[in-house]
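**Q** This is what each chain is made of:
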Amino acid sequence: MSPSTHRSDRNSDTETSSTIRTQRSGFRGFSTRDLVYVAVLAAVWAVSENVLGAQLHAMNIPFSGAFLTAIGVFLMVTCRSFAPKPGSILMMGVVVALLRILSIGAVVISPIIAIFMEALLVELAMTFGGTSVVTSSIGGMLAEVWTFVHPFVVQPLLFGLSMLVIYGRTISVGSKILGIDPANIVAMILAFVAIHAIAGLVAGVVGWRFSIGAKRVLQR
Amino acid sequence: MEILNRGKAGTAALGVYGAVALLVGALLLAITMGGVFLLLPLAYVTTVCILLSRDSFRDLRQLTKLVPIIVIASTLLWQEQYQPSGTSSAASFPLMSGFLVGIEMSVRAVVMVLAISAFVRTVDISELTGLLERLSGSEAFSFVFGLAFNFSQRLEGIARDTLNAIKLRGGFRVRNLAVSVRYLLSSTTLKALAKSEDMAYAAEARAFGARREMPNPLHRDYPNASWLDVAALAGTTGLVILAFALRLALA
Numbered sequence: 001m002s003p004s005t006h007r008s009d010r011n012s013d014t015e016t017s018s019t020i021r022t023q024r025s026g027f028r029g030f031s032t033r034d035l036v037y038v039a040v041l042a043a044v045w046a047v048s049e050n051v052l053g054a055q056l057h058a059m060n061i062p063f064s065g066a067f068l069t070a071i072g073v074f075l076m077v078t079c080r081s082f083a084p085k086p087g088s089i090l091m092m093g094v095v096v097a098l099l100r101i102l103s104i105g106a107v108v109i110s111p112i113i114a115i116f117m118e119a120l121l122v123e124l125a126m127t128f129g130g131t132s133v134v135t136s137s138i139g140g141m142l143a144e145v146w147t148f149v150h151p152f153v154v155q156p157l158l159f160g161l162s163m164l165v166i167y168g169r170t171i172s173v174g175s176k177i178l179g180i181d182p183a184n185i186v187a188m189i190l191a192f193v194a195i196h197a198i199a200g201l202v203a204g205v206v207g208w209r210f211s212i213g214a215k216r217v218l219q220r
Numbered sequence: 001m002e003i004l005n006r007g008k009a010g011t012a013a014l015g016v017y018g019a020v021a022l023l024v025g026a027l028l029l030a031i032t033m034g035g036v037f038l039l040l041p042l043a044y045v046t047t048v049c050i051l052l053s054r055d056s057f058r059d060l061r062q063l064t065k066l067v068p069i070i071v072i073a074s075t076l077l078w079q080e081q082y083q084p085s086g087t088s089s090a091a092s093f094p095l096m097s098g099f100l101v102g103i104e105m106s107v108r109a110v111v112m113v114l115a116i117s118a119f120v121r122t123v124d125i126s127e128l129t130g131l132l133e134r135l136s137g138s139e140a141f142s143f144v145f146g147l148a149f150n151f152s153q154r155l156e157g158i159a160r161d162t163l164n165a166i167k168l169r170g171g172f173r174v175r176n177l178a179v180s181v182r183y184l185l186s187s188t189t190l191k192a193l194a195k196s197e198d199m200a201y202a203a204e205a206r207a208f209g210a211r212r213e214m215p216n217p218l219h220r221d222y223p224n225a226s227w228l229d230v231a232a233l234a235g236t237t238g239l240v241i242l243a244f245a246l247r248l249a250l251a
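If you're matching them up, the sequences are chains A and B in order. Residue 157 in my numbering sits at position 157 of the first sequence, and the numbers go up by one each step. Residue 133 in my numbering sits at position 133 of the second sequence, and the numbers go up by one each step.
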């Protein structure tokens with residue numbers, strides 16, 4: 001075999017291996033490891049919804065939905081830190097929503113929409129703002145505020161826009177019965193939104209700090 | 001893979017194209033139609049559910065609390081000035097207009113729940129992930145979904161054991177809830193992340209992601225639309241056209 005043949009063989013080997021590498025990173029820029037991190041953290045989120053959701057429900061904890069969302073934010077921020085590619089959080093959200101459909105047997109529309117929207121909001125915040133502690137806390141805030149807004153968006157979608165008229169009438173009649181100024185009701189709603197936003201901010205920061213700590217532990 | 005077929009006992013083999021057509025058509029009609037015309041999508045989704053997915057009726061349980069509240073609230077709170085023009089004379093009775101609006105809202109919700117439930121129960125999850133794969137142009141989604149699905153069952157066992165261990169040590173009381181959740185979540189997540197490394201190596205060792213320009217013996221052929229899918233698409237399109245034509249004619 002001539003040296004030129006050897007060289008051409010080596011060239012073709014190099015070509016093949018580079019093709020493999022290109023195809024590998026052709027999953028929209030995701031490496032196999034990134035995809036595994038997304039899958040594993042999606043599984044953790046789905047399991048936490050089932051296990052911890054049941055436990056919190058049994059304990060009759062108020063705002064348990066906000067609590068579960070905070071855990072979701074924590075996991076989404078961890079996911080973006082381990083797989084820092086645009087689309088990783090959205091993929092995680094879609095997988096969790098599908099897992100939820102399969103795990104509970106019944107098709108409960110509201111939580112599925114909530115999971116998807118939370119993932120979308122955190123994804124948007126971290127795609128346009130970059131992967132940092134600030135954007136993870138902003139994403140967390142948006143996702144938590146969504147849990148408060150969620151019923152007011154989903155119910156008009158489900159029942160029609162007449163629902164908005166009923167909300168308005170409920171506020172005005174309720175304020176008359178309770179003797180409260182309707183402006184105070186708006187202030188109360190804003191206070192609830194602020195509480196949710198603070199919870200989301202904390203969850204985002206905790207998720208970011210956990211991911212840094214977890215990377216350090218896993219590198220040992 | 002038995003769990004993937006959970007709740008599909010009373011379902012027929014409708015492909016993903018037919019299921020998407022049913023869902024889009026029913027949701028479009030539910031959103032755009034009002035009053036008596038809402039009976040069209042209601043009859044449509046009821047027929048589809050009877051023929052293809054009887055289990056979907058069980059999902060109406062999620063509306064059992066909400067529908068009475070909506071009907072009562074709209075009956076009591078609705079006012080005459082909100083009544084759209086062209087309604088029946090029955091709506092002129094006190095409280096009747098609110099009651100009718102409540103019924104209309106409830107019918108719309110029933111249509112939407114039945115349509116989404118029929119879609120999820122009829123469509124095969126592997127076909128749905130295949131559709132997402134084709135739309136996104138990568139195999140990533142089905143890999144992630146399959147891995148998450150298989151891993152979640154094992155992880156649930158680990159999480160339940162950890163939860164019970166924490167509870168036995170006095171955890172998960174109201175006073176120490178935050179600390180208990182922190183222990184549960186950090187240990188479970190860290191264990192799962194540590195396992196990820198092994199999974200990634202195992203996937204790469206099985207040549208996941210590596211593809212050469214040669215015919216792949218494991219290449220999956222996605223099924224084409226069946227006659228049932230074509231019938232669903234044609235039926236849905238026909239019904240949507242009929243509903244809009246009727247509404248225009250009677251307006």
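Just so you know, the hints here were simulated from the structure itself, not pulled from any lab data. Quick caveat, the model's predicted, so the values are computed rather than measured. All C-beta atoms, glycine included, are put in the ideal place defined by N, C-alpha and C. Heads up, some of the hints might be wrong.
Unchecked claim - Here are some chain A residues the structure puts well away from chain B; computed CB gaps all over 12 Å: (1) 29; (2) 101; (3) 109; (4) 150; (5) 159; (6) 184; (7) 185; (8) 189; (9) 194; (10) 198; (11) 214.
As the list claims (entries may be wrong) - Only pairs whose alpha carbons sit at most 25 Å apart, straight line, appear in this in silico DSS-like list of lysine-lysine: (12) 85/A / 195/B; (13) 191/B / 85/A; (14) 167/B / 191/B; (15) 215/A / 65/B; (16) 167/B / 215/A.
**Q** Taking the hints in turn, state whether each one holds.
**A** The hints, checked one at a time:
1. 29: 10 Å, violated
2. 101: The claim breaks: residue 101/A does not keep its Cβ more than 12 Å from every Cβ of chain B (closest is about 6 Å).
3. 109: 5 Å, violated
4. 150: Holds: least Cβ distance 14 Å, greater than 12 Å.
5. 159: Its Cβ does come within 12 Å of chain B, the nearest being 4 Å, so this is violated.
6. 184: Correct as stated: the minimum Cβ-Cβ distance to chain B is 20 Å, above 12 Å.
7. 185: Non-interface label on residue 185/A holds, nearest chain B Cβ at 15 Å vs cutoff 12 Å.
8. 189: 18 Å, holds
9. 194: Given a closest Cβ separation of 20 Å, the condition holds.
10. 198: 14 Å, holds
11. 214: 6 Å, violated
12. 85/A / 195/B: Given that 25 Å is the threshold and the Cα spacing comes to 21 Å, the pair holds.
13. 191/B / 85/A: Distance ~23 Å between residue 191/B and residue 85/A Cα, so the pair holds.
14. 167/B / 191/B: With Cα atoms ~19 Å apart, residue 167/B and residue 191/B stay inside 25 Å; holds.
15. 215/A / 65/B: 46 Å, violated
16. 167/B / 215/A: Not satisfied, since the Cα-Cα distance of roughly 28 Å exceeds 25 Å.
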